[in-house]
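Asks: Listed below are the residues making up each chain.
There are 2 protein chains.
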Amino acid sequence: MAADSAQLSSQLAEATLNESVSALKAEFSDRVPIRSIISRTDGGSGFAGQHVRVGGWVKTGRKADKDAFAFLELNDGSCPGNLQVIVEADKGDLGQLVPTGTCVVVDGVLKLPPAGAKQKVELRVEKVVHLGPVDPAKYPLPKTKLTLEFLRDVVHLRSRTNTISAVARIRNALAYATHTFFQKHGFLYVHTPIITTSDCEGAGEMFQVTTLISEGERLERELIKNPPPSEADLEAAKLIIKEKGDAVSQLKSAKASKEEIGAAVAELKRAKENDLKLEERSKLQPGIPKKDGKIDYTQDFFARQAFLTVSGQLQVESYACALSSVYTFGPTFRAENSHTSRHLAEFWMVEPELAFAELKDDMNCAEAYVKFLCQWLLDNCYDDMEFISRQFDKTCIDRLKMVASTPFERITYTEAVELLIDAVKNGKKFENHVEWGIDLASEHERFLTEVKFQKPVIVYNYPKGIKAFYMRLNDDNKTVAAMDVLVPKVGELIGGSQREERYDVIHSRIAEMGLPIEPYEWYLDLRRFGTVKHAGFGLGFERMLLFATGLDNIRDVIPFPRYPGRADL
Amino acid sequence: MAADSAQLSSQLAEATLNESVSALKAEFSDRVPIRSIISRTDGGSGFAGQHVRVGGWVKTGRKADKDAFAFLELNDGSCPGNLQVIVEADKGDLGQLVPTGTCVVVDGVLKLPPAGAKQKVELRVEKVVHLGPVDPAKYPLPKTKLTLEFLRDVVHLRSRTNTISAVARIRNALAYATHTFFQKHGFLYVHTPIITTSDCEGAGEMFQVTTLISEGERLERELIKNPPPSEADLEAAKLIIKEKGDAVSQLKSAKASKEEIGAAVAELKRAKENDLKLEERSKLQPGIPKKDGKIDYTQDFFARQAFLTVSGQLQVESYACALSSVYTFGPTFRAENSHTSRHLAEFWMVEPELAFAELKDDMNCAEAYVKFLCQWLLDNCYDDMEFISRQFDKTCIDRLKMVASTPFERITYTEAVELLIDAVKNGKKFENHVEWGIDLASEHERFLTEVKFQKPVIVYNYPKGIKAFYMRLNDDNKTVAAMDVLVPKVGELIGGSQREERYDVIHSRIAEMGLPIEPYEWYLDLRRFGTVKHAGFGLGFERMLLFATGLDNIRDVIPFPRYPGRADL
Numbered sequence: 137m138a139a140d141s142a143q144l145s146s147q148l149a150e151a152t153l154n155e156s157v158s159a160l161k162a163e164f165s166d167r168v169p170i171r172s173i174i175s176r177t178d179g180g181s182g183f184a185g186q187h188v189r190v191g192g193w194v195k196t197g198r199k200a201d202k203d204a205f206a207f208l209e210l211n212d213g214s215c216p217g218n219l220q221v222i223v224e225a226d227k228g229d230l231g232q233l234v235p236t237g238t239c240v241v242v243d244g245v246l247k248l249p250p251a252g253a254k255q256k257v258e259l260r261v262e263k264v265v266h267l268g269p270v271d272p273a274k275y276p277l278p279k280t281k282l283t284l285e286f287l288r289d290v291v292h293l294r295s296r297t298n299t300i301s302a303v304a305r306i307r308n309a310l311a312y313a314t315h316t317f318f319q320k321h322g323f324l325y326v327h328t329p330i331i332t333t334s335d336c337e338g339a340g341e342m343f344q345v346t347t348l349i350s351e352g353e354r355l356e357r358e359l360i361k362n363p364p365p366s367e368a369d370l371e372a373a374k375l376i377i378k379e380k381g382d383a384v385s386q387l388k389s390a391k392a393s394k395e396e397i398g399a400a401v402a403e404l405k406r407a408k409e410n411d412l413k414l415e416e417r418s419k420l421q422p423g424i425p426k427k428d429g430k431i432d433y434t435q436d437f438f439a440r441q442a443f444l445t446v447s448g449q450l451q452v453e454s455y456a457c458a459l460s461s462v463y464t465f466g467p468t469f470r471a472e473n474s475h476t477s478r479h480l481a482e483f484w485m486v487e488p489e490l491a492f493a494e495l496k497d498d499m500n501c502a503e504a505y506v507k508f509l510c511q512w513l514l515d516n517c518y519d520d521m522e523f524i525s526r527q528f529d530k531t532c533i534d535r536l537k538m539v540a541s542t543p544f545e546r547i548t549y550t551e552a553v554e555l556l557i558d559a560v561k562n563g564k565k566f567e568n569h570v571e572w573g574i575d576l577a578s579e580h581e582r583f584l585t586e587v588k589f590q591k592p593v594i595v596y597n598y599p600k601g602i603k604a605f606y607m608r609l610n611d612d613n614k615t616v617a618a619m620d621v622l623v624p625k626v627g628e629l630i631g632g633s634q635r636e637e638r639y640d641v642i643h644s645r646i647a648e649m650g651l652p653i654e655p656y657e658w659y660l661d662l663r664r665f666g667t668v669k670h671a672g673f674g675l676g677f678e679r680m681l682l683f684a685t686g687l688d689n690i691r692d693v694i695p696f697p698r699y700p701g702r703a704d705l
Numbered sequence: 137m138a139a140d141s142a143q144l145s146s147q148l149a150e151a152t153l154n155e156s157v158s159a160l161k162a163e164f165s166d167r168v169p170i171r172s173i174i175s176r177t178d179g180g181s182g183f184a185g186q187h188v189r190v191g192g193w194v195k196t197g198r199k200a201d202k203d204a205f206a207f208l209e210l211n212d213g214s215c216p217g218n219l220q221v222i223v224e225a226d227k228g229d230l231g232q233l234v235p236t237g238t239c240v241v242v243d244g245v246l247k248l249p250p251a252g253a254k255q256k257v258e259l260r261v262e263k264v265v266h267l268g269p270v271d272p273a274k275y276p277l278p279k280t281k282l283t284l285e286f287l288r289d290v291v292h293l294r295s296r297t298n299t300i301s302a303v304a305r306i307r308n309a310l311a312y313a314t315h316t317f318f319q320k321h322g323f324l325y326v327h328t329p330i331i332t333t334s335d336c337e338g339a340g341e342m343f344q345v346t347t348l349i350s351e352g353e354r355l356e357r358e359l360i361k362n363p364p365p366s367e368a369d370l371e372a373a374k375l376i377i378k379e380k381g382d383a384v385s386q387l388k389s390a391k392a393s394k395e396e397i398g399a400a401v402a403e404l405k406r407a408k409e410n411d412l413k414l415e416e417r418s419k420l421q422p423g424i425p426k427k428d429g430k431i432d433y434t435q436d437f438f439a440r441q442a443f444l445t446v447s448g449q450l451q452v453e454s455y456a457c458a459l460s461s462v463y464t465f466g467p468t469f470r471a472e473n474s475h476t477s478r479h480l481a482e483f484w485m486v487e488p489e490l491a492f493a494e495l496k497d498d499m500n501c502a503e504a505y506v507k508f509l510c511q512w513l514l515d516n517c518y519d520d521m522e523f524i525s526r527q528f529d530k531t532c533i534d535r536l537k538m539v540a541s542t543p544f545e546r547i548t549y550t551e552a553v554e555l556l557i558d559a560v561k562n563g564k565k566f567e568n569h570v571e572w573g574i575d576l577a578s579e580h581e582r583f584l585t586e587v588k589f590q591k592p593v594i595v596y597n598y599p600k601g602i603k604a605f606y607m608r609l610n611d612d613n614k615t616v617a618a619m620d621v622l623v624p625k626v627g628e629l630i631g632g633s634q635r636e637e638r639y640d641v642i643h644s645r646i647a648e649m650g651l652p653i654e655p656y657e658w659y660l661d662l663r664r665f666g667t668v669k670h671a672g673f674g675l676g677f678e679r680m681l682l683f684a685t686g687l688d689n690i691r692d693v694i695p696f697p698r699y700p701g702r703a704d705l
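Sequence order for the protein chains is X and R.
Using the numbering used here, you'd call the opening residue of the first sequence number 137 and step up by one each time.
Using the numbering used here, you'd call the opening residue of the second sequence number 137 and step up by one each time.
Hint data in this document are derived by calculation from the structure and do not stem from the laboratory.
Since this is a predicted model, take the numbers as computed values, not measurements.
There's no promise every hint is true.
One copy or two, either will do: identical chains are not told apart, so a pair holds if it fits within one copy or between any two.
Here are the simulated lysine-lysine pairs, DSSO-like style, with alpha carbons at most 30 Å apart [unchecked claim]:
hint: 1; residue 1: 361; residue 2: 430
hint: 2; residue 1: 507; residue 2: 320
hint: 3; residue 1: 256; residue 2: 320
hint: 4; residue 1: 430; residue 2: 413
hint: 5; residue 1: 405; residue 2: 374
hint: 6; residue 1: 279; residue 2: 227
hint: 7; residue 1: 227; residue 2: 625
hint: 8; residue 1: 394; residue 2: 380
hint: 9; residue 1: 419; residue 2: 430
hint: 10; residue 1: 227; residue 2: 361
hint: 11; residue 1: 614; residue 2: 588
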């Protein structure tokens with residue numbers, strides 16, 4: 137470390153030619169994000185000689201040169217890269233500084249590293265401003281390589297790992313890219329409701345939202361503390377009414393003064409009120425309120441049964457039929473008891489809805505959107521994608537490039553089934569039998585996109601029997617204007633359709649499917665009054681993350697996964 | 137209409153000098169958004185002579201010149217303005233075209249209106265491409281001016297009104313401005329969970345999320361269809377076991393063949409299995425599963441009691457303590473039985489969290505964010521703000537301008553209380569008594585921001601007794617580093633604080649407040665391992681909308697309001 141001061145002064149001269157690093161400080165903090173220093177084409181070397189404050193968590197630390205100084209790899213989550221930090225022994229307790237997970241804020245001077253070093257710039261510490269220590273014996277995230285499965289038990293700290301933080305940045309980028317894409321194209325973001333009383337289909341797979349249980353328990357506690365009136369109490373109250381009533385009669389027949397009679401009538405009134413209160417209290421039942429043997433939802437918070445939404449589509453359609461191009465991006469829920477790597481009980485969906493649009497427009501929009509997301513990651517998250525590519529999926533960057541630049545194949549469902557039947561004839565084995573009318577299985581979808589076309593495929597015009605009532609019936613009377621976007625790695629990424637805008641047709645489709653009409657009256661109103669051709673789709677946001685990163689388990693691409701038996705935090 | 141063709145040809149010449157309107161068509165539709173035509177400095181006159189397809193809903197329509205043609209004011213939700221459309225009788229059924237709410241798609245030629253007209257351009261229809269009719273006798277939104285209260289009963293159609301569509305565009309703008317602001321400043325968007333098992337404070341005001349009720353009902357239906365075994369069934373099963381056991385014994389003592397004994401043993405085994413199944417089925421109880429008199433939540437979907445989140449703050453802190461600057465923007469829930477114009481059961485919150493930051497940084501961030509939102513509306517929603525200003529609140533534009541450009545006043549809670557006491561001395565009457573230690577009431581907050589300072593005010597350093605356990609204790613041991621941003625019209629818009637990062641202090645604060653430690657162990661881990669100074673705040677998104685628009689009722693600034701007794705759709 138002896139030649140440093142000479143080296144430094146030459147670096148200072150160099151730095152004056154460059155911009156000031158302190159101008160890059162996070163606007164609401166004294167520190168400069170590590171990304172601003174090292175994520176530049178020069179790797180930060182242009183800042184050599186400048187003073188800066190940085191903060192972060194130690195990824196790895198080690199003492200060197202007989203404990204004369206320590207090297208820390210510092211990461212603040214702003215980028216996958218670390219800043220190498222050198223602390224001399226007189227600047228701080230090296231033993232406290234080196235454990236993985238330690239938080240430090242330091243002031244120091246940026247300097248060029250020794251020739252041959254991997255990093256382009258490093259920081260020599262002048263002052264340790266803050267130290268948040270870690271007891272390595274207790275830290276749940278030791279330096280050893282941890283499996284993603286292990287990390288699922290440590291959701292509150294796993295964002296400090298390279299992988300989960302890279303996923304968080306990629307997820308952030310995809311979310312902002314989503315808003316940017318739709319705003320750029322004139323779509324309005326609409327917050328559809330999370331709590332819904334509308335979606336009556338398959339209520340078995342919905343989570344119920346209620347205050348009945350807690351209200352029932354509150355009442356139970358209250359009744360224990362303050363028991364309801366007994367039969368004797370009620371009889372006594374009736375007796376008092378009778379007495380007070382008799383008193384009034386007597387006063388009246390005795391032609392007592394108005395004041396006297398008035399006072400007695402007031403007493404009678406009070407006695408009656410008291411009795412009424414007791415009567416009501418005596419009817420209180422602990423537990424969930426029932427009426428005619430069924431749960432009495434009129435007493436629930438919303439005066440009816442309420443659920444967590446499974447999709448914002450129906451509601452956002454009402455906005456499309458007024459504002460033309462809209463989208464929703466929010467959480468959706470399924471109470472399915474699925475323990476697979478592809479299902480979550482709580483997940484995020486992007487659902488655009490376009491008025492004055494047909495299936496072709498819907499497909500164009502879906503294709504443009506997916507391409508935009510891929511290009512966005514290449515433009516804004518390349519460093520994270522490189523990390524993921526090294527650690528998990530060597531093909532992920534090429535996949536993004538391919539999808540961003542290749543026109544999607546578009547084939548009808550009927551063509552898709554023919555291709556699959558041909559494949560079977562040529563020896564391809566599927567677990568699920570292929571014939572016209574089946575719902576394509578994941579193996580079929582992945583064959584089409586990964587093997588047959590080796591690019592994204594949009595399959596459209598599905599048999600009406602396997603699709604929802606709101607999809608527009610085609611003229612063949614057999615298929616509906618539905619479309620699925622299939623991509624390599626995950627299969628179905630997007631499902632959408634042109635919506636049935638003809639009142640008579642959708643009315644009979646609802647009946648045909650054995651659904652009740654009444655809950656859909658508002659939805660029918662959109663067709664009754666000023667109906668418009670419209671179309672939309674839904675993209676499972678976590679599916680997109682699996683596609684982008686190549687990770688295998690959906691529980692690793694959402695910050696706080698919810699699935700049967702687990703909802704940590 | 138006679139001179140039109142001559143007029144048109146001169147307009148065509150003019151149009152060639154201008155850009156092509158068809159280049160402005162919505163990318164995933166054939167139509168051109170009305171905004172692209174009329175929201176220009178020339179009001180669209182530069183497009184005169186060009187052919188275009190537009191679609192929208194008729195705001196008002198009337199027949200003219202003895203039914204020779206009709207005027208339609210067409211709106212497609214892309215902007216508050218309408219396009220005037222002229223249809224001649226031979227182009228369509230004028231009677232069907234003119235009712236309010238009718239959807240039409242038309243091809244036509246843009247032309248300059250007669251001198252003196254309000255509009256700068258109008259459309260002469262060549263072809264009616266689509267017509268979605270309305271029966272005016274049945275349409276729930278007649279042309280007459282409707283109250284916002286009335287519209288709350290028509291949530292599926294109210295976005296077709298001028299006010300609700302303006303609010304939707306303003307809401308969209310504020311949401312995108314929020315993302316833009318935080319992304320620009322290097323914050324990462326984190327999706328905190330909606331379903332939570334973490335927030336144990338005040339569980340009484342939380343909605344419970346459960347599958348126990350529907351599972352109980354499913355079981356009840358199943359048991360009716362397929363009744364549980366009777367006592368006699370169970371006895372019979374036991375008898376069969378005995379018989380089969382006896383048979384085995386007899387065969388054994390008779391030294392029967394291995395095959396014979398084996399077969400008898402197998403029968404015995406089946407009988408025992410059958411008995412076990414019956415035993416289990418006999419224990420099934422319809423309704424909610426209980427254990428020791430309490431609801432058995434181990435049988436609920438998440439194997440424990442789960443709720444809808446009231447705030448993403450605690451969870452997002454875990455991400456800030458890894459990624460430095462993060463924010464969450466999502467729905468939050470309160471099961472409070474409030475029927476006021478300021479409360480919703482479901483509402484959206486923006487919650488940034490900054491690591492390496494103190495209260496001052498938090499205040500700087502809040503101020504910059506609110507200013508950014510105001511300026512964004514002035515830059516991007518001026519036409520909607522003008523509409524709102526005309527219809528509801530003449531001061532709303534000035535308020536945005538003032539907040540965007542005026543430094544916020546910053547005073548301590550102690551100073552605020554002194555100012556309020558002074559005001560009382562000078563004759564100001566408050567409903568709530570003022571003294572150090574009280575929670576400021578809305579009347580106090582509004583006095584400070586509206587009367588005393590007439591600009592936004594940040595009040596900070598509140599008494600610890602009225603604030604949450606996680607707020608950082610100041611050195612005076614009496615106050616915590618909390619802050620509220622107060623603005624004219626709504627009072628408190630933002631609440632935030634520096635978080636307590638010292639393990640020992642937060643541990644004793646939790647105990648001091650009588651909260652259990654166990655559910656917060658994960659939160660304490662953030663302080664146990666690599667703790668960092670951090671701070672954050674929450675902005676009630678609907679509050680911001682009330683502030684921006686000056687509307688009075690929060691139910692009108694969210695698309696699908698949820699409140700006690702109501703959750704339409």
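Asks: Tell me, which hint numbers fail for this structure?
Replies: Hints 7, 10 are the ones this structure does not satisfy, whereas the remaining hints hold.
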